[in-house]
Structure formats: C-alpha cells, structure tokens
Amino acid sequence: MLSRTAENLYWLARYVERAEYLARTIDATLRVTALPAAYIGKTNEWDSALLTAGVAESFYQTHEEANEHNVVDYLSFSPDNPSSIRNCIEAARLNSRSVRTALTSEMWDTINSAWIELQEVWSKGTSTREDLAKFLRFVQETSLRFDGSAYRTMLRNDAYWFSRLGLHLERADNTARILDVKYHVLLPEEEHVGGPLDFYQWSSILRSVSALTAYHWVYRETLKPWLVADLLILNSTLPRSLASCYDNLVRNLDQIGVAYGRQGPAQRHARGIRNRLEHSNMNDIFQHGVHEFIQEFIADNSRLGEIITKQYLI
Amino acid sequence: MAVAFDEMNIPGGDLRPAYQELARWLKETPPEALEYRRQEAELLFRRIGITFAVYGDSESTERLIPFDVIPRIMSGKEWTLLEKGLKQRVKALNMFLRDIYHGRDILRAEIVPDDLIFQNPVFRPEMNGQQVPHDVYVHIAGIDIIRVDANDFIVLEDNARTPSGVSYMLENREIMMRLFPDLFARHKVAPVERYPDELLSALRSVAPHSASGEPTVALLTPGVYNSAYYEHSFLADKLGIELVEGRDLIVKNNEVFMRTTEGVKRVDVIYRRVDDDFLDPLTFRPDSALGVPGLMSAYAAGNITLANAVGTGIADDKAIYSYMPEIVKFYLGEEPILKNVQTWRCREPKDLAYVLDHLSELVVKEVHGSGGYGMLIGPAATKATIEAFREKLKREPEGFIAQPTLALSTCPTCTASGLAPRHVDLRPFVLTGSKSTTIVPGGLTRVALKEGSLVVNSSQGGGTKDTWILDE
Chain C
1 MLSRTAENLY WLARYVERAE YLARTIDATL RVTALPAAYI GKTNEWDSAL
51 LTAGVAESFY QTHEEANEHN VVDYLSFSPD NPSSIRNCIE AARLNSRSVR
101 TALTSEMWDT INSAWIELQE VWSKGTSTRE DLAKFLRFVQ ETSLRFDGSA
151 YRTMLRNDAY WFSRLGLHLE RADNTARILD VKYHVLLPEE EHVGGPLDFY
201 QWSSILRSVS ALTAYHWVYR ETLKPWLVAD LLILNSTLPR SLASCYDNLV
251 RNLDQIGVAY GRQGPAQRHA RGIRNRLEHS NMNDIFQHGV HEFIQEFIAD
301 NSRLGEIITK QYLI
Chain B
1 MAVAFDEMNI PGGDLRPAYQ ELARWLKETP PEALEYRRQE AELLFRRIGI
51 TFAVYGDSES TERLIPFDVI PRIMSGKEWT LLEKGLKQRV KALNMFLRDI
101 YHGRDILRAE IVPDDLIFQN PVFRPEMNGQ QVPHDVYVHI AGIDIIRVDA
151 NDFIVLEDNA RTPSGVSYML ENREIMMRLF PDLFARHKVA PVERYPDELL
201 SALRSVAPHS ASGEPTVALL TPGVYNSAYY EHSFLADKLG IELVEGRDLI
251 VKNNEVFMRT TEGVKRVDVI YRRVDDDFLD PLTFRPDSAL GVPGLMSAYA
301 AGNITLANAV GTGIADDKAI YSYMPEIVKF YLGEEPILKN VQTWRCREPK
351 DLAYVLDHLS ELVVKEVHGS GGYGMLIGPA ATKATIEAFR EKLKREPEGF
401 IAQPTLALST CPTCTASGLA PRHVDLRPFV LTGSKSTTIV PGGLTRVALK
451 EGSLVVNSSQ GGGTKDTWIL DE
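So the protein sequences, as listed, match chains C and B. Here the first sequence stands for residues 1 to 314, where the numbers follow our numbering. Here the second sequence stands for residues 1 to 472, where the numbers follow our numbering.
Hint data in this document are derived by calculation from the structure and do not stem from the laboratory. In this text, all values refer to a predicted model and were calculated from it rather than measured experimentally. Check each hint, because a few of them may be wrong.
[Unchecked claim] Chain C is faced by these chain B residues, among others (derived, beta-carbon under 7 Å):
hint : residue
1    : Val224
2    : Ser233
3    : Ala236
4    : Asp237
5    : Glu242
6    : Leu243
7    : Asp248
8    : Arg259
9    : Thr260
10   : Thr261
11   : Glu262
Backbone N, C-alpha and C fix where the C-beta goes; we use that ideal spot for every residue, glycine too.
Okay, chain B solo, but in the shape it has when bound (with noise of 0.2 Å):
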C-alpha cells in the first residue's frame, strides 16, 4: 500500500499552507482546553439528540456519531477543482440516467454492456420512456471523494439514491462555531448555512407544470426507526416544508395530497428519502407500508416530481462505477477531471482470475452493497476469512468488484494519547436544479478513528469533522 497523503505535514517537516494557521492555534491552546472542548461538544450533540441508528443493534437503537473538532481544511483552489470535477461528474450521472431510460445509445455504442443494466436488480423498467419533470434524475448527489495526492482527487462511490449525512455537515459546522469562536476569526472559512435555501430553491425549480406557481414541497420519511430519521426532521424544519410519512400522503386522480387537519393538500414535489422498493406498494414491494399506493401512476401522469427519480439505482451501482469515465467521456466529450478507483470487474473471467490471485491485497465489495458491509479488506482479513470469500467469489463473481486498498489521505486526530494522523474521506453534496447545479463548498468529512483503519463509515466505528474550505 502506498504511503498516505498527509493533509497537514509536508514530508521533512513543513506545514501545507491551509493548515499554518490551524498549527500555530493548536500550539497555543493546552490539550486541557482541547479535551474540555471535546466533551462539551459531544454534550451538545447528545442534548440536540443527534443521533443514528444501527441496524440489528439491540442494546441502544440511537448512537452518536463520535465527533472530532479538528477542523479537516481545504484550500479555495483545491476546492475549486474539485467543484468543477463534482459539476462534470454528476451532470454525466443525469444524462446517463436519462439515455438508459429512453434511447439507450451508449448501449448501441457498447460502451456499457447491456445485461449490466437489464439484469441488474436496481434497473427500473417502469421508467423506460418515462418524461421526468425538466429531465432530472439527480437532485441531490453524494459524491465519495480521496485524496491521495496534492492534486489528485478520486471517486470513490457515487451516491446518486438518497445520500444522507448533510445534517452533520451543517450541525458539526453549529458546533464548531460555537465551541471555536477565536479559530474561526482567525481563518476566512467559507460558508456552508445557505445549504437549505440552495435544496429548496433546487427542489421547487423541478415542480411538475401542472404545480401552481407556488409549489408545495415535502420530505418523505420511513419514520422514526430510520437511521437516518433525524435528518430527515432536521432537513424538513430548516426547509420549512411537512415532513410526511406514507401514510400522511393519497393519491386522488393521479395527484398526490397530504392529510392536513384542515383537510387535503396537493404536493407537488416529494424530496424523498424512502428508497425505490418502498415507495408505492402497487408498483413495487406489496409489503412495503412507508410507501403511498399510487405515487407511480401520478408520477407517471406527471403530477408529482420525486427527488431523486426513481431509477437512478442503475447510475451508482459499484458495476456500473467502474464504466464512470467512459460514461463522461461519452456524454461530454471531456476528459473526466475527477478519477476513479482502479477497478477489476470480477464478472469478467481475467479480472476475476487477478482478484482470486489477489486477495490478500484487495478490497473486495458487493456490486450492489452499501455501508461498508458485506466486503473484504484483504490486508487486514485471516486467512480463514479470506478463503470463505474466496468461495463466495467463484459462486457469484458477478456480484463483485475489487479495488486496490488505497491510501487515504490523513488529517490531525484527538485520541487517547493527543494528536495523532488518522484517515478520512470527504462526500460533497451536489444539487441539480432545472437551471443549474450548485455545491455548498465542503461536505461532510468522515474519519476513521481507529489507528490505520480505513473503514470511515459511522455504522463501524467511523466519526465526522467539520471541513473547512478557505475563502482566499
């Protein structure tokens, strides 16, 4: 494994310049200071009761995501690549979407083969030719961004579904200014407030024509048992719009109405955070009861518009990630400025013969996981463990991909004993409205606290940090 890009340290002692600032604080302040600070911050997150939920996880059903207050910064002109990359990569995600369900030529062009979308599981074929309100399918992306060099960005995962975690990026950033008053004086760090104005205002440019000229806007929640239920109460409240659950919503002659106590209303634009399976039990699982019978079909008479689109599984699926760059290259005919991860695609048999060959070096995940669940890290796996996947490969290799571990960048860390590098990973979130697409500069910065690990994911052991990008 290649040695990790440090985000604050140039090797042979000195500071990167985004980081001088933060250093000479950090020298002044006693870790005392630091540690009192910590734990008032994890006060303030546990009385707000910001909280997740882990699945199949008996003891507690609300956990705190463990908070770091080292800020993660940025400089304005890495920022301002990376921005652009994100714009490019999520405007060929959009166009993508839109061919797959309507003329498909980049299958005639095979530059993605055919049975990777019409077998796969998030295909859905009830969206062919289906007219979404101003063609977008993406309105809100989480894009999963590395840094393993200076200048070098890459893709990790395209969140294109309902990608979660902006509340920690805009609570964690409450927080920090609260708790760090004088840090913030003494850097010029970009905003990241006017995130619910830009996803409102995103939201209501892509109302049906049939909305009036004040559409009604709603977030659609499984409930309160989701994990991620507490942002969905945090979006609604700071966007002002009802947070609905299924059966808060009816279909009438293909519109959709909530129930209000004054009686129904007509909704015009569903922000929802339920996924495809369950969004309408007519269409798709009949068990689903977050769902709302009908929605479909007054999606399909074009009444309702939902963010995302249904379908746009097939755009961030680990299969298709692999084909990202030709997918860019084909619909912009642009060099992709953001890279991807090196990928072996174990559905074809020389790729599956270098992964099997391979396996204590790779990171082996399932094409349609998430979560970081249900893949292998070969470096850090037994060799039992190993051989068990081994077997799990061979029997469905289509299931898989493998990637190299790669070096996550690391960013000064409070542990146990002081500061310490740890790594981390950055999802930006990116808003598509009818007109244009905008992301508030940062994101949400997630860490892996345990030494060496690179698993950043709060379902195991991962924490956040607020990402500061300098307004130079």
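Excised from the complex, chain C in its bound form (with noise of 0.2 Å):
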C-alpha cells in the first residue's frame, strides 16, 4: 500500500484514541476534584490533566493558573491546543478523507459523523456540567465504534495492523504518561503509610484508564498502590496496560513483517521493549525507580514511533 496511505491509517487511529484519552482524564478529574478538599489534598487535580495530556507547557503560555473551567476547555474545545479534543477529531476527519478508499464505510461513517455532531452540537462548547458529561460521553462512544467497526469490518492486511500500530502505541503513551505524573502516589508496599488522600488518586488513575473495575476483579483486594502500577504496567490481561499494548504491537509488526517477507527495525525494538515487560516485576521497578523506568518506556515507545515511521510511512 502506499506509505502515506499507511500513515494516514495509523494517525488516524492515534487521533481517535488520544480524543478518547483526553475525555477519560477529564471525567477523572471532574469525579476527583467534587470531592471535599480533605479527601484529595492541596495537589491541583487539573495541573496534573495537564501534565498527563502533555499540553501543560503550551497552556501556561496563554493561562495564569489551571481550574475546571480553563482546563476543560483547552483540552477539549482550544483550537489553540493542537491536540485538543476538537482537534483530534478534526485532524481524524482529515486523515479519513485522505484515505477513504482504506476505510470501511463503517469506520467512515463513524468519523464523518462525529465530525458533523462537533460542528452542529458542540461549536460553542458545554454550559454546564450535564453538557460536558454528554460531551465526553459522545467522544468515547465514538471512539468505541470506530475501535468496533475497524475491528468488525475491516479485511486483515495492511492497512489494519498499521491503524492497530497507531492505536496500540497511542495508548501505551497515554498510560505512560499517567503513570508518569503520578508515580508520587505508587508508593510500594514497605514505604506505604496510607491515608485517605491516597485513595482517590489511586481510584482516578484506574478510572482513566477503565480499569477500576478490573482491578477489583484481578486482585480482590483494596486498592493498594503497588497493584495500581502493578496492573497498568505489567498484566497483561487489562488492554491499556503497557504489557498488553506491546503484545498487540509485537503481534501486528510481526504480521506485517510475514507480509511483506521481511523484518527490520521497528520488529526488532518492539521485540526488546516487551521483553524487557515480560522480565520485569514491581519490585525491580521500585528499585529501578517508578519514574525512570516510565520516563525510559516514554522516550523508548516514542522512539518506535519514530522507527515505524522510517521503515514504513516515508
């Protein structure tokens, strides 16, 4: 296929799940901060949606201080935040009217609607918290239905596993990047002192990624924070967790490397990154440092990026 058409497919992909993202922190964020101040403490809830959309720099240029209100809007409405809900979808649209002819009519369908309700619904934004809640309730669905119809309708070629690659390392970069704000409060079991503040972040990191409920049912236990890092990013069985993300994109580089008749870079970093996953427990990784080991996984996912798009997309 031809290479823009395969970088379309996996941008496209990256975009709809990062519009995904971004309306799971948000929701998160909302649901942590009506809380009473005792229960969540004196961090500022929506510095950290910032930091974990990696758009904080970009806004403190144009903003004094982060609150529900501006934070919200930049993350899903700025036509300044170039990865701004808004403009996830609009950038998704783009991308599938370039490569219609690699789409189902389902997955177009799916965007090309999305993008009509963005425009006819959500121009000016939400007025209230219903509002908002529809909003990011509309985002997610869309992302489930283009996730659904992709995976329903799509043949098995190329153009699938390149739009699963973007899909599969997106989200790796999403979860890294939760973890990565909020390594402070994944304390490992002999440093734990507990505390009631503790608690809620844990819960809102979980739901973030949908995994609240999963992690009652893998571990039947309280939360406790070393599992919270444990099931993000070692178990392979919860779909956002980074082990899982690397299996999926072990698995679609290798089926594009027997299509093709060959291998080559991007196979091989894939391959050295879930190892390193697969040989790893937490305790290592307290050792190790939470914070290193994530920033090394973000600037080691980043780099397959980068890989994936020399030996393929250019």
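Got two chains here, separate frames each, mind docking them using the hints?
This is the structure we're talking about:
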C-alpha cells in the first residue's frame, strides 16, 4: 500500500485514541475534584490533567492558573491546543478523507458523523456539567464505535495492522503519561503509609484507563498502590496496560513482517521493549525507581514511533 | 430570447412519451411523500460525504450540491443521436490535438488562425513532436450539451482537460435506486454502473509499450483541499487503483514509481486530476507542490501515459470552440452532428463591434475562464455592470467571446412551491481507449434551481439530477 495511506491510517487511529483518552482524563479529574478538599489534599488536579495530556507547557503560555473551566476548555475545544479533542476529531476526519479508499464505510461513517455532530452540536463548547458529561460520553462512544467497526469490518491486511499500530502506540503513551504524573502516589508496600488522600488518587488513575472494575477482578483486594502500578504496567490481561499494548504492537509488526516477507528495526525494537516488560516485576521497578522506568518507557515508545515511520511511512 | 424547450410537456397539454410514466407516478404520489424522500436523499448525501469545496468561501469549505429527486428522462432514440454526435466530436478533438502538436495541417489550410494556437497560454510547446501512447490525447471528455428543440442538441462547451462530475452521475443513480425502487420498476432505465469498468479498461488500453502485461494505473489528485477531492477518492475506490498525490510519486531513470510500505512500485498510467501547470515543477510552475519533479521527462521517454495528455487545453479553449464545426469537417469530412452555439469572436473587429452594440442581449465569456466565473449575462445585468464590462472588453477583446442567451430546455423540478420547470444542461462522459470510444448512457444533468436562472454551475447555486436514458 502507499506509504502515505499507511501513515494516515496510523495517525487516524492515534487521534481517535487520544481523543478518548482526553475525555477519560477530564472525566476522572471531574470526579476527584468533586470531593471535599480533605479527601484529595492540596494538589491541583487540573494541573495534573494538563500534565498527563502533555500540554501543560503550551497551556501556561496563555493562562495564569489551571482550573476546571479553562482546562476543560483547553483540552476539549481550544483551537490553540493542537491535541484538543476537537482538533483530534478534525484531524481524524481529515486523515479519513485522505484515505477513504482504505476505510470501510462503517469507519468513515463513524468519523464523519462525529465530525458533523462536533460542528452542529458542540461548536460552542459546553456550558453546564450535564452538557459536558454528554460531550465526554459522545467522544468515548465515537472511539468505541470506530474501534469496533475497524475490528468488525476491516480486512486483516496491512491497512488494519498499521491502524492497530497507531492505536497501541498511542495507548501505551497515554497510560505511561498517567503513571509519569502520578508516580509519587504509587509507592511500594514497605513505604506505604496509607491515608485517605491517596485512595482517591488511585481510583482516579484506574478510572482514567477504565480499569477500576478490572482491578477488583484481578486482585480481589482493596486498592493498593503497588498493585495499581502492577496492573497498569505489567498485567497483560488489561488492554490499556503497557504490557498488553506491547503484546499487540509486537504481533501487528510481525504480521506486517510476514506479509512483506521481511523484518526490520521496528520489529526488533518492539520485541526488545516487550521482553523487558515480560521479565520485569514490580519489586525491581520500584528499586530502579518508577519514575525512571516510566520515563525510559516513554522515550522507548516514542522511538518506536520514529522507527515505524522511517521503515514504512515515508 | 426564444421560448425554452419543455422536456416533459408538449405545448397544448400533451406529455412527451418519455415522461408519461413519471407523470402518472407523480400524480399518485402525495407531495409529502416526495418531500420526505427529498430529505432522505439529502441525509444520505451528507452521510456519504459527497461534498465539494467552494474556493474563497471561508465559512464552510465543504458543501453539498443540491440534488433534485425528479429524474431527467430521455428516450433511447434521442440518446442514439446524441451518442453519435459525441463520438464524432471527440474523435475530431483527438485528431485536432495530434495535428496541432505534429504536422499542423489545419493551420496550413488556414482553418484555424496561427496566433490562436501559438499565443495561447494553454498551448504546450513541450508537446511539439511528442508521441503520446496510442495517439490518444483526450481519454476522458465531458461535453456540455444543451437542448433547444426536440432534435436539436447543441454543444455549449468541450471539457478536454480534467472534466469532473461523473461521481455525481453514479451516486445520483445509487441514491435514486434506493429511494424510488417503485419508479425504476415502472421504467426501463439504461444502467450507468459500468462506467468505472469502462474507464479502467480504457486507461489500461493506453499503457505505454514499456509497461508490463498488467499495467499499474493510479489516480493523481491535488489532495483533500481540492474541490473535486470526493470524486477523486470515489473513482479510485471504484476502479480499485491507488489514489496518489504528487509526493507519493518519484521519477527514477525516466520511470515513475509510487512509494509504498514495501518499497517503490512502477506506475504505467496516471489518470491525473491535476492541471498541466502543476504537473511537474521542473517543466511548468516551479512553485507547484502538487506535482512530480521529472514527470515530463518520463512522459517524453514514453514510460508513462498521462490521461488526459498534456496540452489538451488547446482543444477546449473557448476561442477554439468557435472553430469546432470547421474542425470536424476538416478531419472527418462529415457534417457535424452536434451544432455549436453561435459565437462572436471578439478578437475579430467586425464581431467585436456587434458585441459592443448588443451587450445587453448577449452572454460574454472569458476565453480561458471556467465554472461560470467572470462572465457577463447581458439580459440579467445592471447598466453599471454592462458598462464596466464594456471597458474590460475594449481593453482586451481577444480575451472574450460572446454568445446569444440560450433557452436551455426545462425539466420539472422540486421547488418550495411544488414542481416547476427549471433549466437544465447535460454533461455526458466520453471515454476513448486505444481501440474504441464508449459513452455510458446518460451523464450529469445540472439544473439551475433559481426560477428563470440559466446558470447551472454548482459553484453558483446549481443542482444535479439523475439522468435516465430509456432502453426501449
């Protein structure tokens, strides 16, 4: 297939995944900030939301302080924020238009309808909490529909695999960013002092990757920070964990390698990251430092993006 | 202005045969039902994303072309005549182009004046003596036809560069079949769906000799911001060929390749929807980011077929248009089946004098204009507009031609106050391959939705209709 087509499919999936992640981040932050101050401490959760979205720097160039009103607007609707939800959907539609011939009609319909709804219903942003909740649900449902139609209607060929690569690379990046911002509340067992403050932080982290229920099913335990970290980093049964994302990245890259009859640096690099995750346990990671581990992961993950681009997309 | 030909009603109250069944159906169908289907059609078009862009319109870069659900119907007999005329015309266009870029017999015979060719900006000296594969220049032609009487079809314009609109012909039919299955059951409508197949085989038939047995065809688009982008992606999809942009192609050793995820792959035929000027920055406009550097040298080396060929603008230029009847006679020795609109060439002093005297009755067009821009419609213009245009015309008479205001035929059309006649034209698409010329029965009918309006261009408030040729 054309390199540009592969590139568009890859970015299309990334944009949709990012939009959903932003919606989840806003949703989780709203819940945490709705609690009385005594339960969450003095941290500015809206500042954390900006950090996990990776847009804090650009935000503070035009804003003094972060609050619900301006962060929700910045993450959802701001034309100045290149990765606001609106810009993600706009970019996804533009990418879809460029590769219409590679999309199934169900996928096109999902993106095109979302884009039309964005213009017709959400062009002025949201004015009430109810509105905002509706908007966030709309974004998450768009992503689910898109993902579902890709899964159910696309031929299993390189078009599908490149789109999956975009999705898993973006997803791994998103999960890693939450961990990067919240690493200070994820402490190993022996350092854990407990307290009501952190409980809500942990549940908020899980909620932003829709893993709160999953946690209870996996561990059958009350929330423990080291288990939260274990779930998000190493547990390959959780679709948004780093381990699961890399299982998928390795599989999709292998499928491309087999179809094209050759492997390359992307396959090797992805396998390297997957092996590291497979052979790690939380004790080692805590010893090494969660923060350092996550920072390395983020760098490795974005390096994979560059390698894929070089090997296939240009 | 003459009275417009009504395609449905015969003066005196009778119906023309082709429309009898439709009239019966309309009588049985309550207006609400029609309105409901009309809304449904609009919803479908929007969902499919069949849009076009209007340049210079910042508010919305994508718009829908209004679709009218009442079909425009022609009898098989009428079509047969039209088809014959179209084939004749396109054959002459191809022979003319071949001659202009080679022997130039027609200039020596003084049928067309030299300066009209050599001083024309759309003449491409790069094409002089250049062999194009299978001698086909215009593979896809869109000939704009108007009807002024029962058997009088007139060519309004030849489009020999990158004519668009065929996606509407196909999508209009799809949607009509979905919305009005009962109406189709009551007519025998010739299908149009094999157009993509015909196009693909025409394109493959003109592959260069250096191509492999299974030539690779690609469609070259300027990109998503082009007004006809939807059509480009639609056609690429239907033809099953790659939709490429300039940056997807590279030229190596005078061969053209596309960049794929598995390395580069040779391309043999490019159905290009990019204008000559932007095709190759090394030959034409150096600032073009839409083209492919080196494409013209691959073309000169005979390793790639461009459809349509470079330089075909010289055949559909409005100044050349007025010579078409003579051109047909010169190459084919036949009387032209399709007539031309009477045309005054403002470059000729006698004609200019007449035009200046009759501005309020005439339509004056820019020789190089298209899309209905930059023209004066005398009867509809204010005095001030006419005077301003007069100055323009005097300054640069060779830039204009003038024609009488024509009575485009009318068809029943949905309007706010019920069905009413509106003016229509027709653009059939003529495909020329190495061996044969084919035309899918029908074409794109454009309709001027405003009462009395004669401007059918989509950029100026025109709509489209499905065109039915009855298979009797």
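Hints, verified against the model:
1. Val224: holds, 5 Å
2. Ser233: holds, 4 Å
3. Ala236: holds, 5 Å
4. Asp237: Holds - the Cβ of Asp237/B comes within 7 Å of chain C, reaching about 4 Å at its closest.
5. Glu242: Holds, about 6 Å.
6. Leu243: holds, 6 Å
7. Asp248: Holds - the Cβ of Asp248/B comes within 7 Å of chain C, reaching about 5 Å at its closest.
8. Arg259: Nearest chain C Cβ about 5 Å off; hint holds.
9. Thr260: holds, 6 Å
10. Thr261: holds, 5 Å
11. Glu262: holds, 5 Å
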